[in-house]
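Engineer: Each chain, letter by letter, is given below.
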Amino acid sequence: MYTEAKVEFAEVKSDVAEETSDPGSSAPRIDAFDTVADIIADTCDIPRDQIKRESHAINDLGIDSLDFLDVVFGIDKAFGIKLPLEQWTQEVNDRKATTEQYFVLSNLCARIGDLVAAKGA
Amino acid sequence: MRLEYFQLVDQIVELDLVGRTIKAQAQVPYTSTIFEGHFPGHPLMPGVLLTEAMAQTSGWLIIGVTGFARMPFLAAVKEAKLRTFVSPGQMLSLRARLLHDGSGYAITKAAIDVDGKTVAESELTFRVMAFPDPRFRDSMSEVAQRIGFPVEAPALPVEEPEHV
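Listed in order, the protein sequences are those of chains A and B.
Sequential numbering of the first sequence, starting at 14, is according to the working numbering.
Sequential numbering of the second sequence, starting at 6, is according to the working numbering.
There's no promise every hint is true.
Unchecked claim - If you anchor each label on the Cβ, the simulated ranges turn out as follows: (1) A/Gly133 to B/Gly72: 44 to 54 Å; (2) B/Ser92 to A/Ser119: 37 to 47 Å; (3) A/Ala131 to B/Gly42: 34 to 44 Å; (4) B/Arg102 to A/Asp47: 53 to 63 Å; (5) A/Leu79 to B/Val18: 26 to 36 Å; (6) B/Ala135 to A/Gln63: 35 to 45 Å; (7) B/His105 to A/Arg66: 52 to 62 Å; (8) A/Asp73 to B/Gly121: 29 to 39 Å; (9) A/Arg66 to B/His47: 32 to 42 Å; (10) B/Glu41 to A/Ile43: 51 to 61 Å; (11) B/Lys86 to A/Asp73: 33 to 43 Å.
What the hints assert, rightly or not - To be clear about the criterion: a stretch of chain A counts as covered by chain B if any three or more of its residues have a C-beta under 8 Å from a C-beta of chain B, and this derived list gives those stretches: (12) 80-87; (13) 99-107.
Bear in mind the hints are in silico, worked out from the structure with no lab data behind them.
Bear in mind the structure is a predicted one, so any value in this text is a computation, not a measurement.
The beta-carbon is built from N, C-alpha and C at its ideal position, and this holds for glycine as well.
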């Protein structure tokens, strides 16, 4: 599963494609934050006011990998998507991505928005 | 059941890969050292082993859905309910339904019926990953054949020897 140590490799290769994003699409992106924050608060028993857009799910909110599965289940159900958690974990472990890219809530919500838009396309 | 080998499913009765459900059966053994301790003079099938039977039933469903490509490992047991005592010799009807097939995880709802009455149920979470070892997969394939699991493990690619 994903490493909980901070990854020092900050520079992401430019050819790492964000498979779910489509810069050319004009589909409006949903803001998933409130739903995601509610899911986290409910699933992980974290006070809702501690959950911010800039919060890092692992480093700030202390969510471990098993609890994060519950969060992902909630997100998958709420938005009708399948978050590619395995792929993200592998990219972090292979140092092709940082944990911030996927687990800072603003970034996580952006990726959810991409997946929802791709579903509707 | 091969209780001491922790193989608690005797026979797969039905596997529905479209509906993502499974039915199986297993007979609680009449004798086991487990019953001698649990409990002396009042043998009962331990609730945790009923939970394990539900997990194994669910696990076979997940193996089926993945085409025998991935192995589920129990990660969480939620609201397991053990509604009544289960005794040696009883025939268990096991069933499970895949609630969600996520990326690297799966959620099932499973239950056990005896004589038409539900005696146990639980929601279960599994981590799902590629088989860590081809021999492990082969041994699971042997178990699958023994219990009548209808999905065959695909042949593994033959490794070409290195040419110097």
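Engineer: Against each hint, give a clear statement of whether it holds in the structure.
Structural biologist: Hint-by-hint comparison with the structure:
With their beta carbons about 29 Å apart, A/Gly133 and B/Gly72 fall outside the hinted range of 44 to 54 Å. For B/Ser92 and A/Ser119, the hinted distance range of 37 to 47 Å is not satisfied, since their beta carbons lie about 56 Å from each other. Checking the proposed 34 to 44 Å range against A/Ala131 and B/Gly42 shows it is violated: the Cβ atoms sit about 55 Å from each other. Our hint of 53 to 63 Å for B/Arg102 and A/Asp47 is violated, since their Cβ atoms are close to 31 Å apart.
Distance hint check for A/Leu79 and B/Val18: the Cβ-Cβ separation is about 32 Å, which falls inside the suggested range of 26 to 36 Å. Distance hint check: the CB atoms of B/Ala135 and A/Gln63 are about 36 Å apart, consistent with the given range 35 to 45 Å. In this structure, B/His105 and A/Arg66 break the distance hint of 52 to 62 Å, their C-beta atoms being roughly 26 Å apart. Here the CB-CB span from A/Asp73 to B/Gly121 is close to 51 Å, at odds with the stated 29 to 39 Å.
Evaluation of the 32 to 42 Å hint for A/Arg66 and B/His47 yields a failure: the beta carbon distance comes to about 57 Å. Between B/Glu41 and A/Ile43 the Cβ separation comes to about 59 Å, which falls inside the hinted range of 51 to 61 Å. The beta-carbon spacing between B/Lys86 and A/Asp73, approximately 36 Å, falls within the hinted interval of 33 to 43 Å. Only residues whose beta carbon comes within less than 8 Å of a beta carbon in chain B count, and the region 80-87 of chain A has 4; three or more means the coverage holds.
Three residues within the 8 Å Cβ limit are the bar, and the region 99-107 of chain A against chain B gives 3, so the coverage statement holds.
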